[in-house]
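In the numbering used here, the protein residues as written are 6 to 352.
Hints are computed from structural coordinates only; laboratory data are not their basis. Check the hints yourself; a few may be wrong.
As the list claims (entries may be wrong) - Cross-link-like lysine to aspartate or glutamate pairs, in silico, EDC-like; alpha carbons within 16 angstroms at most:
id	residue 1	residue 2
1	66	193
2	86	215
3	86	219
4	66	82
5	66	40
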Amino acid sequence: MSDASDRSICQGCGAELAPTFLACPACHRLVHGPELTRLAALARQAEESGDLTAALGAWRKALELLPRGTSQHATIEATMKRLGAIIDGRAPAGASKGGRSGGKAAGALAGTGAVGAALLKFKAILALLLANAKLLLVGLLKLPTLLSMIFYANMTSGRGIGLSLGIVGAIYVHEVGHVATLRRYGIDASAPMFVPGFGAFVRLRQYPTDAHEEARTGLAGPLWGLFASAVALALGVAIGSPTALQVASWSATINVFNLVPVWQLDGARGLKALSRGERLVVGAAAIVAAVATGEWMPGIVGAVVLGRASVGASHPQGDRGMLALFTSLVVLHPALAWLADHLRAAL
Numbered sequence: 006m007s008d009a010s011d012r013s014i015c016q017g018c019g020a021e022l023a024p025t026f027l028a029c030p031a032c033h034r035l036v037h038g039p040e041l042t043r044l045a046a047l048a049r050q051a052e053e054s055g056d057l058t059a060a061l062g063a064w065r066k067a068l069e070l071l072p073r074g075t076s077q078h079a080t081i082e083a084t085m086k087r088l089g090a091i092i093d094g095r096a097p098a099g100a101s102k103g104g105r106s107g108g109k110a111a112g113a114l115a116g117t118g119a120v121g122a123a124l125l126k127f128k129a130i131l132a133l134l135l136a137n138a139k140l141l142l143v144g145l146l147k148l149p150t151l152l153s154m155i156f157y158a159n160m161t162s163g164r165g166i167g168l169s170l171g172i173v174g175a176i177y178v179h180e181v182g183h184v185a186t187l188r189r190y191g192i193d194a195s196a197p198m199f200v201p202g203f204g205a206f207v208r209l210r211q212y213p214t215d216a217h218e219e220a221r222t223g224l225a226g227p228l229w230g231l232f233a234s235a236v237a238l239a240l241g242v243a244i245g246s247p248t249a250l251q252v253a254s255w256s257a258t259i260n261v262f263n264l265v266p267v268w269q270l271d272g273a274r275g276l277k278a279l280s281r282g283e284r285l286v287v288g289a290a291a292i293v294a295a296v297a298t299g300e301w302m303p304g305i306v307g308a309v310v311l312g313r314a315s316v317g318a319s320h321p322q323g324d325r326g327m328l329a330l331f332t333s334l335v336v337l338h339p340a341l342a343w344l345a346d347h348l349r350a351a352l
């Protein structure tokens, strides 16, 4: 029970309000009206300037101050879904209220010609890579993350410090993939934390708006993990290191395990955006990958996906982007693990 000193007075009717109230039970006046007005102004300003991530972040904070079931809550949720669809390419940029900025950018891009357009696109890609590289480094500067990584590496060093550090690094990259995508949608998330015997996790202070956002934030981990595995494979080939090749194989296998669509694993999140037909495609691709590579983990992914395609509730519209990504991940990861194992055996 809250102390009386924690209570406030409704500015509309004078009723006493508990600190957890978002609206006055007597007159239904919103408790956080001024803050909601400020956040709405910030969100609109960010959208007009083309910063959709900042706009989503402001709207998410506003949503936390609104009671569920209100028209304002529903309107903001719809706005967030629209902005999220623009961010991940499911909706055209013109769908944003900040379409004027998008139109000016498009006009400027067309005016520069093919060379100028290529340079602008390269600049955007470079900016994205630099931002992601910065995120990888910033996470390592977080003391809880760094200490948990060291503890995890020490606990798993029985197979060799090189292999242990490589696996920790691969898991870290996987988790940062989640963080990067969550923050792209304006979702507040912590740096990765390592737990021996479990792996690592990130804490979400907010949550995706719909199944499409959840699928993208879920599959971002295995996608970044694929790059980590490929880097370890390339390093192992370049310097003839069995340890690096073993890291590549372990990393790929761990990521395939995360694609099993059960519990809180990444595959369960990715599956939420897929229709029944799309699930059948992913399941079949996983089975084919298991047979072709002799790896058993994609077979488990395929069996569970096919099972959930038959009995589980599927997304009514589906998501072609997530179909392509899920299928690619469930094929490329076991192929990379198979290649790393064979190259290591040949050394």
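Against the structure, the hints come out as follows:
Straight-line distance between C-alpha atoms of residue 66 and residue 193 comes to about 10 angstroms, which keeps the hinted pair within the 16 angstroms bound. The suggested pairing of residue 86 with residue 215 holds, with an alpha-carbon distance near 7 angstroms, which does not exceed 16 angstroms. Among the hinted pairs, residue 86 with residue 219 is consistent with the structure: their alpha-carbon atoms are about 12 angstroms apart, no more than 16 angstroms. Between the alpha carbons of residue 66 and residue 82 the distance comes to roughly 12 angstroms, so the proposed pair stays at or under 16 angstroms and holds.
For the suggested pair residue 66 and residue 40, the alpha carbons sit about 10 angstroms apart, so the restraint of at most 16 angstroms is met.
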